[in-house]
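Peer 1: In order, the protein sequence lines correspond to chains A and B. At position 170 of the first sequence the residue is numbered 1553 (this note's numbering), and the sequence of numbers has no breaks. At position 32 of the second sequence the residue is numbered 418 (this note's numbering), and the sequence of numbers has no breaks.
Hints were generated in silico from the structure; no laboratory data involved. This one's a predicted model, so the numbers in the text were calculated from it and none came from an experiment. Glycine included, C-beta positions come from ideal geometry on N, C-alpha and C. Do not take every clue at face value.
Stated by the list, open to error - If you only want the chain A side, here are some residues facing chain B, beta carbon under 10 Å, derived:
| # | residue |
| --- | --- |
| 1 | Ala1431 |
| 2 | Gly1552 |
| 3 | Ile1615 |
| 4 | Lys1658 |
| 5 | Ala1659 |
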Amino acid sequence: MRSNPLSIVKVEELKAYYVSESYGINSVVKAVDDVSFEIYEDEILGIAGESGCGKTTLLKTLLGTIKPPLSIFGGRIFYRIEDEYRDILSFREGELRDIRWKIVSYIPQGSMSVLNPVRKIKDTFLDFMEAHRPDISKSEFDSLVKNYLGALGLPTEVLDSYPHQLSGGMRQRVTIALSTIFKPKIVLADEPTTALDVVVQRGILQLLRKIQREEKNTLVVVSHDMGVHARISDRVGIMYAGKIIEIGNTEEIYTNPLHPYTRYLISSLPKIGDKAYRTGVPGSPPSLSNLPAGCRFQDRCPEIKDICREEEPSLVEVNDNHKVACFLVSKGEENYES
Amino acid sequence: MNHNNKLLFIKNLTKIFSAGSFLFKSNIVAVNNVSLELNAQRAEIFTLAGESGSGKTTLARIILGLVRPTSGTILYKGRDITQIKSAKDWKWFTREVQPISQNPFDTFSPLNKVETYLYDTAINYNIVTNKSEVYNILDEKLKAVGLSWDEVRGKYPNEFSGGQLQRLSIARAIITNPSLIVADEPVSMIDASLRMSIVNLFKNLKEQFNVSVIYITHDLATAYYISDRIAIMLRGSIVESGPVEKVLNAPLHPYTKLLKQSIPEPTIDVQWEEEIQLSVTEIKEFTASGCKFAARCPYVMETCKTKEPEETFVDERAVRCYLYK
Ligand SMILES: Nc1ncnc2c1ncn2[C@@H]1O[C@H](COP(=O)(O)OP(=O)(O)OP(=O)(O)O)[C@@H](O)[C@H]1O
Ligand SMILES: Nc1ncnc2c1ncn2[C@@H]1O[C@H](COP(=O)(O)OP(=O)(O)OP(=O)(O)O)[C@@H](O)[C@H]1O
Ligand SMILES: [Mg+2]
Ligand SMILES: [Mg+2]
Chain A
1384 MRSNPLSIVK
1394 VEELKAYYVS
1404 ESYGINSVVK
1414 AVDDVSFEIY
1424 EDEILGIAGE
1434 SGCGKTTLLK
1444 TLLGTIKPPL
1454 SIFGGRIFYR
1464 IEDEYRDILS
1474 FREGELRDIR
1484 WKIVSYIPQG
1494 SMSVLNPVRK
1504 IKDTFLDFME
1514 AHRPDISKSE
1524 FDSLVKNYLG
1534 ALGLPTEVLD
1544 SYPHQLSGGM
1554 RQRVTIALST
1564 IFKPKIVLAD
1574 EPTTALDVVV
1584 QRGILQLLRK
1594 IQREEKNTLV
1604 VVSHDMGVHA
1614 RISDRVGIMY
1624 AGKIIEIGNT
1634 EEIYTNPLHP
1644 YTRYLISSLP
1654 KIGDKAYRTG
1664 VPGSPPSLSN
1674 LPAGCRFQDR
1684 CPEIKDICRE
1694 EEPSLVEVND
1704 NHKVACFLVS
1714 KGEENYES
Chain B
387 MNHNNKLLFI
397 KNLTKIFSAG
407 SFLFKSNIVA
417 VNNVSLELNA
427 QRAEIFTLAG
437 ESGSGKTTLA
447 RIILGLVRPT
457 SGTILYKGRD
467 ITQIKSAKDW
477 KWFTREVQPI
487 SQNPFDTFSP
497 LNKVETYLYD
507 TAINYNIVTN
517 KSEVYNILDE
527 KLKAVGLSWD
537 EVRGKYPNEF
547 SGGQLQRLSI
557 ARAIITNPSL
567 IVADEPVSMI
577 DASLRMSIVN
587 LFKNLKEQFN
597 VSVIYITHDL
607 ATAYYISDRI
617 AIMLRGSIVE
627 SGPVEKVLNA
637 PLHPYTKLLK
647 QSIPEPTIDV
657 QWEEEIQLSV
667 TEIKEFTASG
677 CKFAARCPYV
687 METCKTKEPE
697 ETFVDERAVR
707 CYLYK
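Bound conformation, chain A alone:
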């Protein structure tokens, strides 16, 4: 592992809540609640966690797309732009527009349907260029697209196809090509393979990794499937009910998972050759608009202690490559912050 990796993004004490009002009652959904972590240059960071834990919300705030009912209740998101750390939460819309696609791009959840069904793929690329890079001429762009698709191993015949003529896997590869063609420094991919079959999933993951290894940029991949992270991520952060509860090197997370939730996530997946009885994580997560005092995992935890109902564990360093928020590891008051 590299020593002292350089951070390209630093998230500090980020709080992003959905606020809505019905019948005069305010409800606050704490989708991202006091989250701090760093994203390094030249890495694939995986974000795992079950449905509704706040993964998409976290990506949206990283991208600076904060629209009601979502709003920021605190914290900072620093991007390193020309060797300077700048808080994008203080950016004006114009500044945000400038960084999108050039510095950071986003592959949204369910993105296969973003391709315009009545336009050929080459026209979609053209529309995209006109919207984001009017400075490039059409002929320059034509060869850029052809070269890029070629480099990704996509047959150029896809350019003359309509989306419905392509297989699901090809469509997803086209969206990935579209969102990486301007070589952004950071690519945020939200569940890029969910709902695809395993073979296509593998093709997509291999493509994403290939792009990252070649560009040496940063890829953040959201997936609820721990199998996916084992194959692609260099580091993995586990989210639970709006918090990051464990983060570390992939090797650390899989060989020495410390949070009981992480252990469940890994052991709940079946393996060929093993018919031993397996269960999912028991119970269900707490409501993000009505969180309990103490640890958010308390009601599902097989190893609960008294303190877990009283205090909320904070994320502490186990070693250079591993942090966890659990009283099984840190003993309450004796919390040692790094």
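Put chain B with the ligands on the given structure of chain A with help from the hints.
Peer 2: What follows is chain B with the ligands alone, placed relative to chain A:
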């Protein structure tokens, strides 16, 4: 022939769709000469696995009586389901064979309380005769999927998670006491951490209620976990089938191997080495004249490109591949 001892008897079943514009018409053989049988005495879980576009849903819809096959035989408890005409017989059939769909949000309309569906199913199939009885039955069925009437009463679909809704659709399906459940990718939209709890329900149905299940998936790991037998589909054809331990522990067909190697297991001991080829368009593979895997197969030979391999029997299973001639 007497097929009454078979729950399901399928022989040389084919379904052809015509695709393409009217100038370049091409036929897609979505189900190609498929044969399979389920035993009536002993319930079993039979997996149909394969990539997207391999014909799994089409075959499932034929079994459910929703799509007419182009040719071939399909008998349920000895009766030709394509010949069911009267409303009474159709009711018998739909009570016996129940579907579970991929997206639980399709089963329940957002505008109705979920109990409406459970209630209507019980009434429409005359499972109960009076209203006071119905809640006991519903509670019993909900308990079988780990829920209870009290947790469900008065609630709308959006008040449940995807996993809970899928449990509810299983509860709805078992209200009629079916003998066969056809579950089309029942967990592929469910969170990985909740999948096993749903998959275990199918195991329970088989073991406790003697219900057979056709489990459709592209995930061979859950297939291994729950099924007794498996058939691997590739662009309409079953290319390998047999006991799940045999087929998945030591797959023979290169396509089965590819499916197996592509499962992302949650361990860092395995890495994907070689890049894989994906099909560009389904239609190209469907209309290929030889083995549909030839264009992607690492062991491809000349014969593979011209003629589809016949079925051969090797080591307790049937396989269609020239490597095993
Ligand atoms: N527009 C909204 N208004 C109110 N609550 C919202 C809104 N969007 C999301 N939420 C809630 O915020 C929480 C986090 O949602 P988010 O979409 O970030 O989860 P996720 O981890 O991406 O889930 P999934 O795996 O299902 O995509 C959930 O409880 C969700 O119900
Ligand atoms: N009604 C139809 N008309 C024309 N073609 C159809 C029709 N239904 C299915 N097909 C085609 O038949 C082939 C098999 O489709 P099917 O939905 O059975 O596959 P599948 O294995 O269930 O795939 P998936 O994993 O994507 O659900 C596909 O090429 C599909 O486009
Ligand atoms: Mg999401
Ligand atoms: Mg299908």
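Peer 1: Are the hints correct? Go through all of them and say.
Peer 2: Each hint tested on the structure:
{"no.": "1", "hint": "Ala1431", "verdict": "9 Å, holds"}
{"no.": "2", "hint": "Gly1552", "verdict": "5 Å, holds"}
{"no.": "3", "hint": "Ile1615", "verdict": "8 Å, holds"}
{"no.": "4", "hint": "Lys1658", "verdict": "6 Å, holds"}
{"no.": "5", "hint": "Ala1659", "verdict": "9 Å, holds"}
Checked against the numbered hints given earlier, this structure breaks none of them.
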